[in-house]
Amino acid sequence: GESVGLHLPTLSVQEGDNSIINCAYSNSASDYFIWYKQESGKGPQFIIDIRSNMDKRQGQRVTVLLNKTVKHLSLQIAATQPGDSAVYFCAENAGNFNKFYFGSGTKLNVKP
Amino acid sequence: GAGVSQSPSNKVTEKGKDVELRCDPISGHTALYWYRQSLGQGLEFLIYFQGNSAPDKSGLPSDRFSAERTGGSVSTLTIQRTQQEDSAVYLCASSATGLTEAFFGQGTRLTVV
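Chains as they are written, first to last, in the working numbering: chain X, 530 to 641; chain C, 50 to 162.
Treat the hints as calculated values from the structure; they're not laboratory data.
The reader is advised that the hints may include incorrect statements.
Said to hold, decoys possible - With a straight-line Cα cutoff of 25 Å, these simulated PhoX-like cross-link-like pairs (lysine-lysine) come out:
#1 C:106 x C:66
#2 X:597 x X:640
#3 X:636 x C:64
#4 X:636 x X:600
#5 C:66 x X:628
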C-alpha cells in the first residue's frame, strides 16, 4: 500500500554485520518490486529490483527475497558499512495499474 | 539531461501564497510521478502521469494542489494558498514506461512560514 505520514522505524546494526530490511506489500497483482535507498538530503536511488517470476536476486552485497505467498519482500545487505546508513523503501508495481506504490520506509543506522 | 531535474531546490514562501514546483523528467520517459515527503517520514503519492492518458490525481490532498504535464515532458506542481502543513520535500520521478524503474530527482524543499 501507500505510505501516508508514517513515522519511520529504525534498524540499528553494527558495522560488518548483515542487515535485513523487511517490507510487506498489499497488492497480490504486483509483479515488479524495487528497493530504493535514500540518503539524507537526496532523492531515492535504485538499489535492486525483482520480478514476480523470481524468488531471489543478488547484486553486489545486496540480495532481495520475494515471498509471494505472504506478500513479503526483504533486502539483505552483507557486511554492512557506514555508507549504508540511509532510509530504505520498497516499491511495488502492479502491471495493470501501471504505477509504483511505496512502502513506509526503514531507517538503517550503522554503528561503527 | 542525464537525470530528473527539479527546481527550485529550496523554496520559502509565506502562508497564503501560491507556489510552482518544476520537474524535468528524463528525456523519453512517458511516466512521471510526484510524491511528498515530510521530515523523517515516508513517501506520499500525489499524482501520476502516463503518456497521453488522464492523470491519476488520487493522491492530491486537497483542491489547492494541481499539476500539469505539458507536451508529455516538463511537469509543474502548483500549490495554491499554501499552508504550513504543506511544508515538505516534493519529489518527482520518471520512468520509461511506468513498468520499469523510476528515477528520482533531488526534490524541492518547500517551507511555508
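Verification of the supplied hints:
The straight-line distance between the Cα atoms of residue 106 of chain C and residue 66 of chain C is roughly 22 Å, inside the 25 Å bound, and the hint therefore holds. The suggested pairing of residue 597 of chain X with residue 640 of chain X is violated, with an alpha-carbon distance near 33 Å, which exceeds 25 Å. Straight-line distance between C-alpha atoms of residue 636 of chain X and residue 64 of chain C comes to about 31 Å, which puts the hinted pair past the 25 Å bound. Proximity of residue 636 of chain X to residue 600 of chain X is assessed by CA-CA distance (about 21 Å); at most 25 Å being required, the pair is judged to hold.
For a cut-off of 25 Å, the pair hint linking residue 66 of chain C to residue 628 of chain X is broken: about 31 Å separates their Cα positions.
Against the hints set out earlier in the document, violations occur for numbers 2, 3, 5.
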